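Asker: Spelled out from the first residue to the last, the chains are:
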Amino acid sequence: MAEFFEMGGHGFFIWTSYAVTALVLLHGYLAPVLRRKNLIRQLGSPDRGPGTK
Amino acid sequence: MMRASRKRRLVIAGVLVTGVSVAVLLTLLALRENINLFYSPSQVVAGEVVEGSYFRIGGMVVDGSVRRNPDDLQVSFDLTDTAETVTVHYSGILPDLFREGQGIVALGRLEDHGFRADQVLAKHDENYMPPEVSEALKAANRQPYAPAATGGGS
Amino acid sequence: MAMRKPAQPTTSRSRAWRWFHRFGSPAYFYFFAGRWAPRFGHLAVAFFLAGLYFGLVVAPPDYQMGDSYRIIFIHVPSAWMSMFIYVVMAVSAGIGLVWRIKLSHAVARSCAPVGAAFTFCALVTGALWGKPTWGTYWIWDARLTSELVLLFLYVGYMALLAALDDWKTGSRAGAVLALVGLVNIPIIHYSVEWWNTLHQGATITKLGRPSIDIRMLVPLLIMFAAVNFYFLAAMLNRVRCELLDQERRTRWVQEVVNG
Chain A
1 MAEFFEMGGH GFFIWTSYAV TALVLLHGYL APVLRRKNLI RQLGSPDRGP
51 GTK
Chain B
1001 MMRASRKRRL VIAGVLVTGV SVAVLLTLLA LRENINLFYS PSQVVAGEVV
1051 EGSYFRIGGM VVDGSVRRNP DDLQVSFDLT DTAETVTVHY SGILPDLFRE
1101 GQGIVALGRL EDHGFRADQV LAKHDENYMP PEVSEALKAA NRQPYAPAAT
1151 GGGS
Chain C
2001 MAMRKPAQPT TSRSRAWRWF HRFGSPAYFY FFAGRWAPRF GHLAVAFFLA
2051 GLYFGLVVAP PDYQMGDSYR IIFIHVPSAW MSMFIYVVMA VSAGIGLVWR
2101 IKLSHAVARS CAPVGAAFTF CALVTGALWG KPTWGTYWIW DARLTSELVL
2151 LFLYVGYMAL LAALDDWKTG SRAGAVLALV GLVNIPIIHY SVEWWNTLHQ
2201 GATITKLGRP SIDIRMLVPL LIMFAAVNFY FLAAMLNRVR CELLDQERRT
2251 RWVQEVVNG
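Protein chains in written order, with the working numbering: chain A, 1 to 53; chain B, 1001 to 1154; chain C, 2001 to 2259.
In short, the hints are calculated from the structure, not lab data. Watch out, some of these pointers could steer you wrong.
[What the hints assert, rightly or not] So these bits of chain B aren't anywhere near chain C, every CB distance computed over 10 angstroms: (1) ALA1023; (2) VAL1062; (3) ASP1063; (4) ASN1069; (5) ASP1072; (6) SER1076; (7) ALA1083; (8) SER1091; (9) GLY1114; (10) LEU1121; (11) SER1134.
[Claimed, not checked] Listed next, the stretches of chain C that the computed footprint assigns to chain B, with coverage defined by at least 3 CB atoms under 8 angstroms from CB atoms of chain B: (12) 2059-2065; (13) 2088-2099; (14) 2125-2135; (15) 2147-2158.
For clarity, every value in this text was computed on a predicted model and none was experimentally measured. In this text, a Cβ means the ideal position worked out from N, Cα and C, and glycines have one as well.
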């Protein structure tokens, strides 16, 4: 198991790569999902939400 | 006082202009240093490199040419593009991938006794295989995808 | 969500046009994307997990690079997507520009953040792969430099869109920029062939057999599928946001928002 994390001494490079990618992609997926929910909430309120863009 | 929306546009416009300028400058910078990353041994021997300039040379490490000094980190080896050969002298730790037959790119200056390198980088080719396949290929006495000659980039 | 089915003679050409028009309708696309984005998301997760398993656990180490080569399973798919998405973005923007199709502009705008993310990942994972193998995190060779230029194109495109308040004007200006930058894509791809570079040449897209062991190729292909599903899921979700925002005064949006 320790070998798996060590990755022949290259553990830092491999795991940092995977971690950065995972975080970036995760954020990229969640951001529009959240934005859509916010939009619906804002557009549904009586004052028609934020000013036109 | 500037309206918030106008100021926002100014800032964004500034970022935009800076971004595009940097992109163009980067391209020009890369072009200015000659898009080719390195000269081949043939080009160096032919005198294509400006006298005394700091440049990169790329080639294959000649079998049996690696000589290490046991007392310090000094090492010398020959780089070839199968047509011409240049001797490289380097003091420091070589990259993991350094070995005979490997593609190497060295940064430094041409001196009387050879090329004195400040930086040695190892290329690796586009082949990926596990050790047992590599051994099997070597055992079958066939060169496994011999590292490509340097002209043309890989 | 009511789907009108016009009673018309259905020649294949008129069916193609109706399909095209239907997809060009923001409302239809919104709900179509609403059904398919989650499915693509689930597929992406499944393929990512499979790719991780086959790449990190099953695949053997490389004869030269040992375990560090395993970065290939995210680096190469990211790099591929960074280029592929740019082409989709530029083409979509170009179509929006020429045919004046709003949805096309929405797709282009939605592509940019996803493409930029993959470009960033390609550069970072490439640097982390370069250090233990080449001996350096970065070098200004043609391949790395042109990929960095791609990142600046994405960021420039997004900044331009943000700087122009009017959605249509911004989309059109962005389309011009995206199209102008298209030349960078073949430059990136052929950089390792046209010039001497530190970066190695193509393994898969070159003519001839891929020079990669099958046990390493399989997780790579799995990851290719994963990133494509991810792109579709993320991009479609972003298009939905654009449509809600831009079509806010239409009846179908009012129904979504209040219903």
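Asker: Starting from the hint list further up, note which numbers the structure goes against and sort them upward.
Answerer: Result: hints 1, 10, 11 and 13 break, sorted rising.
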